[in-house]
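Engineer: Construct the complete structure from the given sequences, taking the supplied hints into account.
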Amino acid sequence: GQNIDQPTEMTATEGAIVQINCTYQTSGFNGLFWYQQHAGEAPTFLSYNVLDGLEEKGRFSSFLSRSKGYSYLLLKELQMKDSASYLCAVRAVTGGGNKLTFGTGTQLKVEL
Amino acid sequence: DTEVTQTPKHLVMGMTNKKSLKCEQHMGHRAMYWYKQKAKKPPELMFVYSYEKLSINESVPSRFSPECPNSSLLNLHLHALQPEDSALYLCASSFEDSSGNTIYFGEGSWLTVV
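Chains as they are written, first to last, in my numbering: chain A, 138 to 249; chain B, 268 to 381.
Since the hints were made in silico from the structure, they are not lab data. Honestly, I wouldn't trust all of these hints.
[As the list claims (entries may be wrong)] In the DSS-like style, the derived pairs of lysine-lysine whose C-alpha atoms are separated by at most 27 Å in a straight line are:
1. B/K303 with B/K320
2. A/K246 with B/K305
3. B/K276 with B/K305
4. A/K218 with A/K194
5. A/K205 with B/K320
6. A/K246 with B/K307
7. B/K307 with A/K218
8. A/K218 with B/K276
9. A/K218 with B/K303
10. A/K218 with A/K205
11. B/K307 with A/K213
12. B/K320 with A/K246
13. A/K218 with B/K305
14. A/K194 with B/K276
15. A/K218 with B/K308
[What the hints assert, rightly or not] Sample of chain B residues with no beta-carbon within 12 Å of chain A, all distances over it, derived:
16. P275
17. M280
18. G281
19. S338
20. P350
21. T369
For glycine and all other residues, C-beta sits at the position ideal for the given N, C-alpha and C.
Structural biologist: Below, the structure written as structure tokens:
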């Protein structure tokens, strides 16, 4: 099975930088996704890492260390609209195919 | 274009009804997924289709019946559901069900079973 951990809640200030961590334990690792989900809406793709290192996309960056089972999502220049749940999801190879499993999500609140 | 379209957006059904949720994508993706999400919980995988064949069924009760009529369409047939099945049902797709392929989600269908 898979075990994915991320903090339940975080609070940050508008304009600041926040780092959301995710640790995982899985066999057959085949990539890690970060999604943003606003209340009442579907998850929106933010980033994907399958190799170690940093992926940068505008204000969002994601880092992966496969040997440590660790990833983080870095959000810069925070805006009020960034208040949302951030979901770490791990894809792993199973008997039938690839399975994407989500962590419980980190609820980020951006304050003035 | 990374659009996955789901219909209906909202559905209310009785426990004896038969209804279907529909999902469509025109990105040439060959892997399609159904997820279920309860309030304040992460999405949970239900089914995976790869090249129109069911590859993963996460021990979902038979009152949920998936169907992939062609590479662009994915249906979820609902029959004799229970109130606890009320949730957001998310369809997703990716080019293939393998490493390196981003998975995109639709807007979801909100299902209420009364």
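Engineer: Confirm or reject each hint.
Structural biologist: Tested hints:
1. B/K303 with B/K320: Judged against 27 Å, a Cα distance of about 20 Å means the pair holds.
2. A/K246 with B/K305: Status holds; Cα separation ~21 Å.
3. B/K276 with B/K305: Judged against 27 Å, a Cα distance of about 16 Å means the pair holds.
4. A/K218 with A/K194: Within the cut-off at roughly 17 Å; holds.
5. A/K205 with B/K320: violated, 35 Å
6. A/K246 with B/K307: holds, 15 Å
7. B/K307 with A/K218: Holds - the C-alpha atoms of A/K218 and B/K307 are around 19 Å apart, at most 27 Å.
8. A/K218 with B/K276: holds, 23 Å
9. A/K218 with B/K303: Since the Cα atoms of A/K218 and B/K303 sit roughly 25 Å apart, the hinted pair holds (cutoff 27 Å).
10. A/K218 with A/K205: Answer violated: A/K218 to A/K205 is near 31 Å, above 27 Å.
11. B/K307 with A/K213: holds, 25 Å
12. B/K320 with A/K246: Given that 27 Å is the threshold and the Cα spacing comes to 41 Å, the pair is violated.
13. A/K218 with B/K305: At roughly 23 Å apart (the allowed maximum being 27 Å), B/K305 and A/K218 satisfy the hint.
14. A/K194 with B/K276: violated, 30 Å
15. A/K218 with B/K308: holds, 21 Å
16. P275: holds, 14 Å
17. M280: holds, 20 Å
18. G281: Given that every Cβ of chain A is farther than 12 Å from that of B/G281, nearest at about 24 Å, it holds.
19. S338: holds, 16 Å
20. P350: About 20 Å separates B/P350 from the closest Cβ of chain A, which puts it past 12 Å; holds.
21. T369: violated, 5 Å
The earlier numbered hints that this structure contradicts are 5, 10, 12, 14 and 21.
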